[in-house]
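Participant: Listed below are the residues making up each chain.
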Amino acid sequence: MTLNQLFAKVALAQGKKLSGGITCNGLRIQLRHAPGKMPELLVTGDVTLTIKVFDLTTTGVPKLHSLIAATQSNIANKLRGETMEYDRYLSNYDTKANKFNKNTQALYNVRYRINYIVKLEKISRLSQLSGNDFVLAVVDRIGFKTDNLNTSGLTDGKGGPATVVYNDWCKYPNISTHEFFHTLGLGHIKGTSSKKSLMGEVAGTHNNAVSLNELFIMNKYLMANLVDMSNGQYASPTLNTAENLRKFLNNPTNGFKYNKAKFR
Amino acid sequence: MDLNITKLSLGNLLLVLLTLSCINRNNDSSETLAKIKTDTCKIDQEKADALGSDISCTSCHTLAEERVSPNVFTMKEVSDMDSLKLRDFLFIIKHKKNLSLYKDAPITKQRLKKIDSLSDCDRKNLIHYIKEYNRPHLYILRTAEDTIPEK
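Protein chains in written order, with the working numbering: chain F, 1 to 264; chain B, 1001 to 1151.
Everything labelled a hint here was simulated from the structure, so no lab data went into it. Every value quoted in this text rests on a predicted model; they were computed, and no experiment measured them. Check the hints yourself; a few may be wrong.
Unchecked claim - With a straight-line cut-off of 30 Å between C-alpha atoms, the simulated DSS-like cross-links for lysine-lysine are:
1. F:Lys122 to F:Lys260
2. F:Lys37 to B:Lys1131
3. B:Lys1094 to F:Lys247
4. B:Lys1096 to F:Lys102
5. F:Lys196 to F:Lys260
6. F:Lys158 to B:Lys1007
7. F:Lys102 to B:Lys1124
8. F:Lys158 to B:Lys1114
9. F:Lys158 to B:Lys1124
10. B:Lys1042 to F:Lys196
11. F:Lys145 to F:Lys262
12. B:Lys1114 to F:Lys190
13. B:Lys1109 to F:Lys102
14. B:Lys1131 to F:Lys102
15. F:Lys102 to B:Lys1085
16. F:Lys196 to B:Lys1047
17. B:Lys1042 to F:Lys195
18. B:Lys1109 to F:Lys158
19. B:Lys1076 to F:Lys99
20. F:Lys96 to F:Lys122
21. B:Lys1047 to F:Lys145
22. B:Lys1047 to F:Lys195
23. F:Lys190 to B:Lys1124
24. F:Lys158 to B:Lys1094
25. B:Lys1103 to F:Lys158
26. F:Lys119 to F:Lys257
27. F:Lys190 to F:Lys145
28. F:Lys37 to B:Lys1113
29. B:Lys1047 to F:Lys158
30. F:Lys158 to F:Lys102
31. F:Lys145 to F:Lys63
32. B:Lys1085 to B:Lys1109
33. B:Lys1042 to F:Lys145
34. F:Lys196 to F:Lys119
35. B:Lys1076 to F:Lys158
36. F:Lys96 to B:Lys1103
37. B:Lys1103 to F:Lys102
38. F:Lys102 to B:Lys1094
Take the sequences, apply the hints, and build the full model.
Facilitator: Below is the structure:
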């Protein structure tokens, strides 16, 4: 049992809600083994993604609630769909015990049919942020300048904190989804296809398409701990979120303008 | 007698000069060759990502913190390796040791064959992809200057 699983079990025993960016209550695994073919694992179940929206603006944010609601449904829509991973090296799945046996390993094709439940929760204090949370900080301005263009969002990829400028979020409602998807491991799309792609490197009102390959990459990031996720209560390991956000906001190169009084 | 010594000296000098010029010419051409070789392979992030995605290192070298089995590194550990070590161990030795595991996995077999058939430049790009995994990635979403008023 990992430390995270232990914390999850203790939290459950105390009647506390599981907390963290990725939580679930045991994914269901079904092994299909046709003769002469690679064994296939069908993974189903609900996975909850929680993103803490930290309002660090100086001015009022009258549209924040509607932006949060729209982004929540946009992220859930984009993560919908079945993906298939070929030849994944995993612990052996024991059909009798209905769980993975960590002592032996095998290659499997894995079919994911996951129902992602996305929650964006507005927070106003640093103490509301856990180490294993995903965070989207809303700031007044990002001074990071390249090619004479303004910066609307800045994210430290793969689990790192995401930030977005409030006024730009109002103008381009999809940019928070864009920034969060960097946290899930997606990079930028360049060239002609970038104009319609959600992950295009310049913000626009028409950028909202996500490819199957991008869905696959995000799913792979979210399902990295599949063995633990199938084994009862699960909360994702720490990302050091509060400390990383502090470093990110205080890095002078990034040029953040935000309400420092709120960051405590 | 003096004339003979002078002739011999001049002859030797000529030979030395000829040898020197040949050596220099060889150096020049090897430098040019080296330059040409360096210029033909450019590390291209998109190409590196495509190669990484195609070969799918992360199917075995897990993205999780914990190894799947004691002898298979996590992706983080692979990325931590020195580039030269990566080249020797990943392309040549390590994967061949585990071939029995892939006997019933045609896709992985195909991926590994692909590693062996990669050009030198593609190998450099693949190493770049692996090394990039552990580096911080700062993503900047930009908007056109005139759309957002300066504050």
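Participant: For every hint, state whether the structure bears it out.
Facilitator: Against the structure, the hints come out as follows:
1. The straight-line distance between the Cα atoms of Lys122 of chain F and Lys260 of chain F is roughly 17 Å, inside the 30 Å bound, and the hint therefore holds.
2. About 34 Å separates the Cα atoms of Lys37 of chain F and Lys1131 of chain B, which puts this hinted pair outside 30 Å; it is violated.
3. For the suggested pair Lys1094 of chain B and Lys247 of chain F, the alpha carbons sit about 38 Å apart, so the restraint of at most 30 Å is broken.
4. With a C-alpha separation of about 24 Å, the suggested pairing of Lys1096 of chain B with Lys102 of chain F holds against the 30 Å cut-off.
5. Taking the CA atoms of Lys196 of chain F and Lys260 of chain F, the gap is near 36 Å; set against the 30 Å cutoff, the hint is violated.
6. Proximity of Lys158 of chain F to Lys1007 of chain B is assessed by CA-CA distance (about 77 Å); at most 30 Å being required, the pair is judged violated.
7. Among the hinted pairs, Lys102 of chain F with Lys1124 of chain B is inconsistent with the structure: their alpha-carbon atoms are about 34 Å apart, more than 30 Å.
8. A threshold of 30 Å between alpha carbons decides the hint, and for Lys158 of chain F with Lys1114 of chain B the separation of about 27 Å falls inside it, so the pair holds.
9. Among the hinted pairs, Lys158 of chain F with Lys1124 of chain B is consistent with the structure: their alpha-carbon atoms are about 23 Å apart, no more than 30 Å.
10. With a C-alpha separation of about 28 Å, the suggested pairing of Lys1042 of chain B with Lys196 of chain F holds against the 30 Å cut-off.
11. Taking the CA atoms of Lys145 of chain F and Lys262 of chain F, the gap is near 25 Å; set against the 30 Å cutoff, the hint holds.
12. Restraint check for Lys1114 of chain B and Lys190 of chain F: satisfied, since their Cα atoms lie roughly 26 Å apart, inside the 30 Å limit.
13. Taken as a hint, the Lys1109 of chain B and Lys102 of chain F pair is honoured in the structure, with Cα atoms around 24 Å apart against an allowance of 30 Å.
14. For a cut-off of 30 Å, the pair hint linking Lys1131 of chain B to Lys102 of chain F stands: about 28 Å separates their Cα positions.
15. Restraint check for Lys102 of chain F and Lys1085 of chain B: the C-alpha separation of about 29 Å stays at or below 30 Å, so the hint holds.
16. For the hint pairing Lys196 of chain F with Lys1047 of chain B, the CA-to-CA distance comes to about 21 Å; that is within 30 Å, so the pair holds.
17. With a C-alpha separation of about 26 Å, the suggested pair Lys1042 of chain B and Lys195 of chain F falls inside the 30 Å cut-off, and the hint holds.
18. Proposed proximity of Lys1109 of chain B and Lys158 of chain F is supported: the alpha carbons are some 29 Å apart, at most 30 Å.
19. Of the pairs offered as hints, the one joining Lys1076 of chain B and Lys99 of chain F holds, with about 26 Å between alpha carbons and a cut-off of 30 Å not exceeded.
20. Simply put, Lys96 of chain F and Lys122 of chain F have alpha-carbon atoms about 44 Å apart, too far for the 30 Å limit, and the pair is violated.
21. Our distance criterion of 30 Å between C-alpha atoms is met by Lys1047 of chain B and Lys145 of chain F, whose separation comes to about 26 Å.
22. For the hint pairing Lys1047 of chain B with Lys195 of chain F, the CA-to-CA distance comes to about 20 Å; that is within 30 Å, so the pair holds.
23. Restraint check for Lys190 of chain F and Lys1124 of chain B: satisfied, since their Cα atoms lie roughly 22 Å apart, inside the 30 Å limit.
24. Between Lys158 of chain F and Lys1094 of chain B, the direct Cα distance comes to roughly 28 Å. Compliance with the 30 Å bound is thereby established for this hinted pair.
25. A distance of roughly 33 Å separates the Cα atoms of Lys1103 of chain B and Lys158 of chain F; the hinted pair therefore is violated under the 30 Å criterion.
26. The suggested pairing of Lys119 of chain F with Lys257 of chain F holds, with an alpha-carbon distance near 26 Å, which does not exceed 30 Å.
27. Our distance criterion of 30 Å between C-alpha atoms is met by Lys190 of chain F and Lys145 of chain F, whose separation comes to about 18 Å.
28. A hinted pair counts as satisfied when its Cα atoms are at most 30 Å apart, and Lys37 of chain F with Lys1113 of chain B qualifies at roughly 20 Å.
29. Taken as a hint, the Lys1047 of chain B and Lys158 of chain F pair is honoured in the structure, with Cα atoms around 20 Å apart against an allowance of 30 Å.
30. Of the pairs offered as hints, the one joining Lys158 of chain F and Lys102 of chain F holds, with about 26 Å between alpha carbons and a cut-off of 30 Å not exceeded.
31. Between Lys145 of chain F and Lys63 of chain F the CA atoms are separated by roughly 26 Å; this keeps the pair inside 30 Å, and the hint holds.
32. Between Lys1085 of chain B and Lys1109 of chain B, the direct Cα distance comes to roughly 22 Å. Compliance with the 30 Å bound is thereby established for this hinted pair.
33. Only pairs whose Cα atoms come within 30 Å are accepted, and Lys1042 of chain B paired with Lys145 of chain F is accepted, the gap being roughly 26 Å.
34. Taking the CA atoms of Lys196 of chain F and Lys119 of chain F, the gap is near 26 Å; set against the 30 Å cutoff, the hint holds.
35. The hinted pair formed by Lys1076 of chain B and Lys158 of chain F meets the criterion: a straight-line CA distance of about 12 Å does not exceed 30 Å.
36. Only pairs whose Cα atoms come within 30 Å are accepted, and Lys96 of chain F paired with Lys1103 of chain B is accepted, the gap being roughly 26 Å.
37. At roughly 21 Å between alpha-carbon atoms, Lys1103 of chain B and Lys102 of chain F fall within 30 Å of each other, so this suggested pair holds.
38. Of the pairs offered as hints, the one joining Lys102 of chain F and Lys1094 of chain B holds, with about 22 Å between alpha carbons and a cut-off of 30 Å not exceeded.
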